[in-house]
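Trainee: In the order they appear, the protein sequences are chains S and U. Residues in the first sequence are numbered consecutively from 1, following the numbering used here. Residues in the second sequence are numbered consecutively from 1, following the numbering used here.
Hints were generated in silico from the structure; no laboratory data involved. There is no bait here: all hints are sound.
Residues of chain U placed beyond 12 Å of chain S at every Cβ, according to the derived structure: (1) Ala-272; (2) Ser-277; (3) Gln-324; (4) Pro-337; (5) Glu-438; (6) Glu-444; (7) Trp-538; (8) Leu-553; (9) Thr-555; (10) Leu-560; (11) Met-567; (12) Gly-634; (13) Gly-642; (14) Pro-748.
Beta-carbon label-pair distances, calculated as ranges: (15) S:Phe-149 / U:Trp-764: 24 to 32 Å; (16) S:Leu-355 / U:Ala-985: 34 to 42 Å; (17) U:Pro-129 / S:Ser-412: 46 to 54 Å.
Using N, Cα and C, we set each Cβ at its ideal position, and we do this for glycine too.
Letter by letter, the chains look like this.
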Amino acid sequence: MNTPKPTMVSAVLKEAPLVQGGLTFRGITEKISGIVEGRTPSLWWLLFGMALSGTLILAGSVGWLIYEGTGVWGLNNPVGWGWAIVNFVFWVGIGHAGTLISAILFLLRQRWRTAINRFAEAMTIVAVICAGIFPAIHVGRIWIVYYMFPVPNQMDMWPNFRSPLLWDVFAVGTYFTVSFLFWYVGLVPDLATFRDRAKKKIKRMVFGALSLGWRGGNRQWKHYELSYLMLAGLATPLVLSVHSVVSTDFATSLIPGWHTTIFPPYFVAGAIFSGFGMVLTLAIIARRVFRLENLITVDHLEKMNKIILVTGSMVGYAYIMEFFIAWYSGNIYEVFAFINRGFGNYAWAYWIMFLCNVITPQLFWFRKIRRSIPVMFTLSIFVNIGMWFERFVITVTSLSRDFLPSSWDYYSPTTWDVLTFIGSFGLFFTLFLLFLRFLPMISMAEVKGVMPEADPHHHPDAHHPPDTHHHPAPVEKGGAA
Amino acid sequence: MNTPIPSDDTRNMKHGKEYWLSLRDRDDTDAYRSLVEREFPEGTMQLASSMNRRTFLTLMGASMALAGLTSCRRPEEDIVPYVSLPEEITPGNILRYATSMPLGTDNASLLVDTREGRPVKIAGNDRQPVTGSASSVWTAASILGLYDPDRSQQTTLDGEASTLAAFTEVWKSRYGTFVESGGKGLALLCQPFASPTLHRQMNTFRAAFPEAIVAVTDPVSDRAILDGNAIAFGRPLRPRYDFTQADIVLALDADLFGSEFDAVANARAFAARRRVSSTKDTMNRLYVVEPTLTQTAALADHRLRLSAGMVPACTAALARELRQKGLALPAVVDSLPVTDAVPSTWIEAVADDLLAHRGRAIVAAGRGQNPAVHALVALLNDTLGNTGKTIRYAAQPYAHEAETAGFTALADAMKAGSIETLFILGGNPVFDAPADMEFRTLLENIATSVHVGLYDDETGHACKWHIPLRHYLEAWGDVSSIHGHLGVVQPLIEPLYADGISDVELLQLLVTGAVEKGYDIVRKTWAEIVPGLDERSWRSILHDGLYPSAVQLETPPLNLASVAATMDTRSFVPLLPSRENMELVFRISPAVHDGRFANNGWLQEFPDPVTKLTWDNAALISRKTAEENGLTDGDLIRLSTGNHEAPMPVWIMPGQADNTITVTLGYGRRTAGRVGSGVGFNAYRLRRADAPFIDRGLRIGPAFARHALACVQDHHGLDTERMAREGVRERLPQLYREATVDEYAAHPDFAPERVELLPLRNQWEDHPYDTGHQWGMSIDLNACIGCGACTIACQSENNIPIVGKEQVLNGREMHWIRIDRYFKGEEEDPGMRVMPVACHHCEMAPCEQVCPVAATSHDEEGLNVMTYNRCIGTRYCSNNCPYKVRRFNFYNYTTDLPEVMKMAQNPDVSVRFRGVMEKCTYCTQRITRSKIDAKRDGRVLADGDIRAACEEACPTQAIIFGDINNPDSRVAKEKANERTYGMLAEYNLRPRTTYLARLTNPNTKLED
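Kindly generate the complete structure, drawing on both the sequences and the hints.
Mentor: Dropping the structure here:
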C-alpha cells in the first residue's frame, strides 16, 4: 500500500467520520456479533411471527391459485397481466439497490457504502426471491412452467428465444446467481469471525463450513479482494441489464403505452429509486432497533436521499418525456394511451404515482429534510408506494384500453391478488428477519476498512492534526479482527 | 331402458351411461358392468405385476367391448345420409343428414353433421335456394338443446314420476267417451306450425272431436300482419319480399333481418344488393323507422328514431305526402290524423324516393304494428306498383298460424269451467300467456290438464300430467316452408331419454286412441302428398331434405274499399309518449327467443346484437328519459302498466325513442333448468292480451336496487367519460372505414388510403408465403348485419365453452368470433356499425413473437396456429394482440359439463384445459379434412370446398374464406376489391383477414 499523502482535496473537503461514537475495531465486532449471539429480542419474535403469518398467507393464496386456476385473480380479456406482473417488476426493482450499492458504489470507491451494503445485498436477494415467485405462479399451467427453460427434450422443442419473457428468465436468473455469490463472498470474513467467536460446537462447525477455511492471511486477503473486485465488475452490468430486460417485456410489444424506447433507462432509474427507497425504510428501522446509529449514520442516510432525489427526478423526466413523445409521434393510439393514463379511468393511480415518485422526493433538495429521520422515513414509504403504482399504471392502463374500443375493460384485483401481494411481503420479511438474526447485518470487515485505524499510518498516540486521520483509506484493507 | 322404439342394440343397456349403448348382449356380465362404471378397467394397473393368459384375455375382451361402446345408437328406420358413404358409420368421418327445424311456422332447412351417430353441428341446407348454408343463432344452437340434461325425461302425474304408458292407458280409457260426446269438454292448445302431418292430424282431430276447442297461440305471432293483409286481400296472406329487385326499402318498426319472419332469407337477399364490386355497381337504400335500434338498423342508410306508437301516424303522413305528390291513393288518406312529431323533411324525402322507384321499392311494417297499418302498407305497395314486382303474397301451405280469438275463447271456456281435459302441446303458456289472462289460475279449473313439452317447465308444473316431448333431432315429423318446399324432419339419433313422445305421435294418440310410430304417421302423410311414393323417392326426399311443392306467389287484387274502411283515425292516431304516459315496447329476444331457449347456455351467453348484453334482459331507455327520471345503467326499477308490475334493470340505449321503454321477452324463467332459471326478468308479467307489442300508460318507479348487467362491450365509463368517448370517435374512422356511394365513386381507394401505410422493410428475409395454399378471409362490412350467427356456429364447431354471467362480468367471455358494435353520430340518434372480429392470422403476428415457449406459431399455409399442449398460459400473446381476439381459459370451464352435453362436442377439436390460450383457427380441422378428402379423391382442392363455420353460417355471405394464393378464388377476388383494407395494418401486421369497407347510400335530401 502506497503511503497516502494528505492532498488538497482531503484538506479542503473534510469528510465526517463514517463510523461515529468512538467505536474501535473490537467495538464493532462486539456490536455486530452481539446482535447475532445475544438473546433473541422479543420484538424480533413478534415481527417474525407476523412475517411468518404473511408467508403462510402467500402459501395459501398460491395454493388456491394453483388449485382453482388463474381466474381467482381479477384478470380479464384485455388485461392479461395484473398484480402478479406488477409485483414481479416491483420486487425486481427493489432488488436493484443491493447490488448497486455493493458493486457500483464499490467500483466508484464510495466508502460510505460499507455500512449498508451487506444489508442491502441481503434485501436484494430476498426481493429477487419474492420477485421470482410471480412469473412462475402467474402462468396458467404452473406444472409445465419448465417449458420456459432450455431443457433438452425428446420433442426437440426449445423455448422461443425471441420472447422477452424468456430473456427475463435468463436475466433474473443470472442476476440472482451473481448477487447471491457476491453477497456470499462478502460474508466469508465475517463468517470466519463468527466461527472464531462461537462457543458451541455445532455453531462452530456450521460457520466453519460456511467460512470456507478463512484464516485472514495475506494471500487469502489478496485472492479475496481480487475475486470481490471481479464479482463487482460482473455484477455491475447486471444491475443495468436486468431491469432493462424486464422493461423489454413491455417495450418490445405493440401495445400503446408499452411500446416505448425510453423504457430500459427509465426502468433502471426507477429500479434504483425504488431499491434505495426500500433500503432506506429498512435501514431506518434496523439502526433504531439494533442501536446502530453510529454505524449507519445520518450522513449515510443523507447520501441515500440524494440518490433518491436524483433517480426520482430521472423517473419524473421519463414520465414527462413519455407524454411529449406520444404527442410528437402523432399516433392517435399512442396519444390516447397517455392521455388516458393521466385523465382516464385509472387517473387516480397515475396521480398517486406522480405524487409519490416525482413531487415528494423533491423535498430532498432541502438539507434539513434530507437529515430528518421521520420525514425521510415517510418519504421512503412514499417511494415504495409510488413505484408499485408506476408498474401498475404501465401494466394495467395500457392493456385496459388498447386499440379496439370494443375490447376495453376495467381491471380490478380480487382478494386473492391482494393476499398474494401481502403474502409476498410476509416472505420478504421472514427471510430478511432470519438474515438479521443469524448473519452479520453489517459487514464488519469492510466497515473496519474505512475506519481511520485501518490506515497503516494511523497512529492514535501521535499528535497529528486531526484532518490527516481522514484521508481516503483503502477499502481493500480490513481485518478479521 | 324403456325406449318407445326399442332396437336390438338397446335391450341390454342397463348399467352404462344412459345414452351410450353396447353392441353385444354377451358383454352384459358383472365384470363388464363394473368396467363400464369405472372409467378405467379394473386390474389394468396390476398387469405388470401379475398376469396370466386368462386374465389377459379377459381384460382384452372387455376392453374391446368398451371400445365398441363409442359407436352409437341409430334410429331403427332408415334415414339416408346426405353424401353417399358406406352404409355403416366410419368412425372419424362426418355423416351429413338433411332435416328441418320447426320453429313456429318459420321453419329452417338444415344439414346436420353427425359423428359416430351423434349430431354435432347444424348448418343450413345448401339445396335450399333462398337461405343456402346460412343458419340463425337459434338453428345452430338447437344442437345444444338436444343434449340438454334438463330436458324432461320422465312423464309425471301430479308431480310424481309416472310413465307414458300409464298416460296412454288413461287416455285410452277416456277416449271412447270423448269420441261419443264429439270432444265435449276437450281442448287442445298448441303452437303455430306448418307441417303436412300435423295439419292432417289436426283436421282429423277437428273431425273426430267437433265440440272440442282448438287454440293456436304464440307469444310472438304475426297475427297483425296476417289480419292486415286479410283486410287488403280478403285472405290472411304473408308478404314475400324480393329484396334482390328492390332499390328502396322502408322498414316501419320492422326488424326485417332480426326478429321478423324469415329474417335469414330477407337478410341474404337484401345483402345481395349490397355487394358492390366496383364503382359501376349500384346498391339499395334502406330507411328504417323504429323506436329501438335493431340489427336491421345496422345496414340502414337513414334511420328515424320514432316511438312505436307514432309509426302508424308516420305511415299515414307518408301516405298523405304520396297522395299530395300525385300517387293515386284514395281520398280518405287525407283525413288521417296529422302530426308534427314526424319530421316532414324525412317524409318528403322518402316519399320522393318511393315515387322515383315505383315498382322497385318495398315498404314493410313489423309485427308489432296494428292491422290497419299493414293494410295501408299493402295499399301503398300496391299503388306504388311494388306488388307483383318486389312484393308478392303467399299462404304458407299446411300452416296453422296463431289466433288471438281462439286463445281467448279457450280462456273463456276454461274460466266457465266447461273444459274437462286440456292438452297443451308445446309452448309454455303459464309463463308466456298475457298477464291479464292469468293462465295459471285458469288451469286450476281443469280436471285433467296435460302438458307435452321439451321441459317440465312452468306449465308442466302447473298441469296434472307432464309428458316429455321429443326434440326435433330425435323424432319424425315434417314441415312446409313459405319458400315452396316441404321437408321431412328426420331423427338423427335415438331418443336420448327413454320416456317421451313426439308431437305427431301424441296427436295420433289423441285422434285414434292408439300408439303409432312417428315414422309410420309421417310416411302415411307423404304417401298422400307424393303421388306414387315408393322407397326410392322417399329416400331421395330424405336425402335432399327438400321436396318441391309449389307455393303460389300471388299478386292478389287489393280490396280498396275494405282498406279505406279501416282507415279510421283510431288506428292512426299519433300516440306520442310523454313522461307521464310512457310507452312500453315488447321485443322477442335475439338470444332466447320467447323464452323457449332459456336453458341453452350458448344462447344465454350470446351477446344481444344491439345491446351486447348477455345473461339478462333490460328496460332499454334513452339517455334523456333516464336522466329525467334520475336513472342510470343497472338501476333496478319497477315497471307498471295497469295492474301489472315487474322489476327490470335499466340500460341506457343510444337511438332509443324518448319516453319509450323497450323490454325483451323470454327472460325471468323460474323453472327453465340449471342454466336458464332465474336469469333476467319476466316481461310477460307486463303484457296484456290486447297490447301484445306496444302498450301505453307505462309508469316507472325510482331505482330501488342495483343489478349487475353483463355486457361484453362498453364496460365502464365509455358513455360518461368524455375523454374516452373522444378517443373512440377519433379512431373509429380508421378501424371501421366507410364512405357514401358518391364518395366512393369519386375516390374508389378511400378505404386503403384512410391510413397511411408506410413502406416497411424487414431486416431479415421474409418467409415466402407464395406457394401452396395460403388461407385468408375477407369480411364485407357492407353486408354484415351483426346477427351473430357466426358466433354461435363457431361455438358449436369449435367446442367453445360458456363461462357464465359472473365471468362475462369479469370480461372473460370465450367467443372466438365476436361482433364489435359501434355507434356513429350523436348519442341520441346514432347510426349503428357492426364488425365481426376473429383472429386475423397476421403474417407478422405479434402474438407469435412474444410466446416464450413457442406455443403459437405460423404454419406453411399462413395459419397462426395454437399448440395447446405447449401453452403454459403466460397470456403475453393476448396482451400483445392488437385485436384482442385471444381467449384464455381462466378456469376449467368444461369440468362440470354434464356428461350428455359432451356429446355435442366436435371430436375434431380438442377441448381446452384451464390455463390455456385459445382463439380462432380458421377452422383448421375443416381445412385438414378437406385436404385429406381431396387427396384421397385425387383432385385439386377447389375454392369453396372448405368453408369456415362462420362463413357457412353467415346469412348475408359477408364472410368469405379461401385460398388467397389462387387468383380465381372468391376470397382473392374480394381482396382485389378496391375497398379492401386491413384493420391496424399500419402496424405491419399483414393480417390475413381483411375487410371490405362499408358503403352508405344516403338520400342527398336528407343529408345534413
